[in-house]
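Visitor: Here the protein sequences come in this chain order: A and B. Each residue of the first sequence is one higher than the one before, starting from 30 at the first, in the numbering used here. Each residue of the second sequence is one higher than the one before, starting from 270 at the first, in the numbering used here.
Heads up, a few of these hints could be off.
[Stated by the list, open to error] Partner residues are not named here, just some residues of chain B that face chain A (Cβ under 8 Å, in silico):
(1) A314
(2) F332
(3) L399
(4) V458
[Said to hold, decoys possible] Covered stretches of chain B, as calculated for chain A (at least 3 residues, CB under 8 Å):
(5) 377 to 389
(6) 414 to 421
(7) 500 to 513
These are computed hints drawn from the structure, not numbers from a lab. By construction, the Cβ of each residue, glycine as well, lies at the ideal position given by its N, Cα and C atoms.
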Amino acid sequence: MSTTSGTSMDEILSTTKKVRASLGPAALANRRALEKAHPEIFAGSPLRRATTIGVIVLLAALLVAAFVVTDVSFGRIGSGLVQLVHFVGLMIPPSPGTWERAELFLTGLGETLAIALLGTAAAALLAFPFGFLAARNVVPIRLFQLLTRRFLDTVRGVDTLIWALIWINVVGLGPFAGVLAIMTSDFGAFGKLFSEAIEAVDRRPIEGVISTGGSAPARLRFGILPQILPVIAGQVLYYFESNTRSATIIGIVGAGGIGLHLAEAIRTLEWQQVSFLILTILIAVSVIDQISARIRFAIIGERRLET
Amino acid sequence: MPTQLPRLSEDRLRPLLAAHAAATSARAGKTALGLALFGLAVAAASWSAGVDPVKLFAHIDRFGSYFVRLAHFDSGDYTGQIVLSHPGEWMWGLKRWLRLLVETLAIAYAGTLVGALGGFVFSFFAARNLARSPATRWLAVRFLEFCRTVPDLVFALIFVYAFGLGALPGVLAVAIHTQGALGKLFTEVVENADMRPVEGLVASGGSWVETIRFAVLPQILSNFVSYTLLRFEVNVRGAAVMGFVGAGGIGVDLMEAIRKFYYADVSAMLVLIIATVMLIDWLTEALRHRLIGREATR
Chain A
30 MSTTSGTSMD EILSTTKKVR ASLGPAALAN RRALEKAHPE IFAGSPLRRA TTIGVIVLLA
90 ALLVAAFVVT DVSFGRIGSG LVQLVHFVGL MIPPSPGTWE RAELFLTGLG ETLAIALLGT
150 AAAALLAFPF GFLAARNVVP IRLFQLLTRR FLDTVRGVDT LIWALIWINV VGLGPFAGVL
210 AIMTSDFGAF GKLFSEAIEA VDRRPIEGVI STGGSAPARL RFGILPQILP VIAGQVLYYF
270 ESNTRSATII GIVGAGGIGL HLAEAIRTLE WQQVSFLILT ILIAVSVIDQ ISARIRFAII
330 GERRLET
Chain B
270 MPTQLPRLSE DRLRPLLAAH AAATSARAGK TALGLALFGL AVAAASWSAG VDPVKLFAHI
330 DRFGSYFVRL AHFDSGDYTG QIVLSHPGEW MWGLKRWLRL LVETLAIAYA GTLVGALGGF
390 VFSFFAARNL ARSPATRWLA VRFLEFCRTV PDLVFALIFV YAFGLGALPG VLAVAIHTQG
450 ALGKLFTEVV ENADMRPVEG LVASGGSWVE TIRFAVLPQI LSNFVSYTLL RFEVNVRGAA
510 VMGFVGAGGI GVDLMEAIRK FYYADVSAML VLIIATVMLI DWLTEALRHR LIGREATR
């Protein structure tokens, strides 16, 4: 409404406020009689009301319990906030310190983007065959399909940071371990997403290929792939966006990228460098988001034209 | 089924092939260009990230052997034996680990709920169709973007210095990140809401809050709940590693065990974490299906 008519919500509301002031009392004067005439509208369902209140009380009680377990208290929050405001004050203006540091940070940023790109691409490549193995309509043996799914779930259940620590044991500290960590944890996620996409394919194009005498690879190439490729490409790009975010933290455990510098800056209380690094990450992520959204739109737009 | 289709004669086949080539060549060129650009990006990234396949394949046995070591006792009376042979000894720290898992779940729960409430409030200021004014909308959108883009571990790392070690900075970090992530999703849901009830409420003199309560909320609540439950799953995984930076939960002990190569402890905690994550996933999925089912029958 604000977009179609050009008037903002505030303008509309100020008008209704005036109308309400003049007409409101007149409308409400008859409320008693209305309540009496239509009790079912005003009373509501007692069962639903009780359920609503019960759910809210349960959620609140759990929240209080969680606060007790995590040792949340107003005193701690208060003194912490004072400290936090102090830190934020020290962060202004953002500055890398020296030129050498700035160069180092930008190299770290490049590493982070490289980790996200390679990790996502490698995960997609690895997960592609597994997507077929975990799809119900491709694998005739249900047990085998279920086992593949569980395997993918287990891989997904372990956080990227834990995978990073394991890979550091194999290839040592550095961005390569980060690439492998993102690859492993996204492999589990992609396997699941791909298999769901494959399970959702339309049978008719496959039957069409069969009817013209197509072989099994031809069925895959011309019957299934054209249907799932846009979906998969969209998902991979979406994960690439979110991985540029997670790749920044992978450095905290020593697996390369800008996170290494960020963790170091925080530990040495170099607040101006911290804000500079966060700003750099914000800009980089928003640029990647823009590019990726454009590619995603191009791919999905293409699919819309075809169907 | 052996199907034999007769091949078309050459003069009938030729125009068909030509038409096919004409239809696909433009797209093939585009695809090739895209692949070339992608290949270039991968090459540059490999150089930047120090990708070294030789090193990977030279040491790949360490990856396998890491899991073999995870499955065996590394010290004590049963050194070298498989962990499942003495489950009691393997899970020796069960009581402490379960307590830490409860703390992890508490971080995830409190962070999710507080963050969801924050995202809920901000989404109405950030949604195009309900925003009070362009200025507050711009502020709300940018604020949510900031909360979402800075990873929760970075918030936790900073909060550990401000609030002290423990689960409190973990809760706050999860809450802020959740507020950003859910706030964006909530905003999209609100923007897709049917505006006719809103017009009805405004026409009958409803205030902004009343409009939201009676016209928008009934439409979107189930979507909000569904997204919040999904986010809770993500946050349980996230809270499990909050301890890596000292922000509470089982991550504290896990990090220490990994760093000190206590393999049996690492595997015990990993098994507990994976089991918890799967249990939570299963529970929230059941809840979501029940909610969606109720929605469908209404």
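Visitor: Work down the list of hints and note, for each, if the structure agrees.
Guide: Do the hints match the structure? See the list:
A hinted interface residue such as A314/B counts as satisfied when its beta carbon comes closer than 8 Å to some beta carbon of chain A; here the least separation is about 4 Å, so the hint holds. At a threshold of 8 Å, the smallest CB-CB gap from F332/B to chain A is about 5 Å, leaving the interface hint in force. At about 6 Å, the closest approach between the beta carbon of L399/B and any beta carbon in chain A falls short of 8 Å, and the interface hint on this residue holds. The criterion of a C-beta within 8 Å of any C-beta in chain A is not met by V458/B, whose closest approach is roughly 17 Å, and the hint is violated.
Counting residues of the segment 377 to 389 of chain B whose beta carbon lies closer than 8 Å to any beta carbon of chain A gives 4, which meets the minimum of three for the stated coverage. Counting residues of the segment 414 to 421 of chain B whose CB lies closer than 8 Å to any CB of chain A gives 5, which reaches the minimum of 3, so the coverage claim holds. Counting residues of the segment 500 to 513 of chain B whose CB lies closer than 8 Å to any CB of chain A gives 5, so the stated coverage by that chain holds, three being the minimum.
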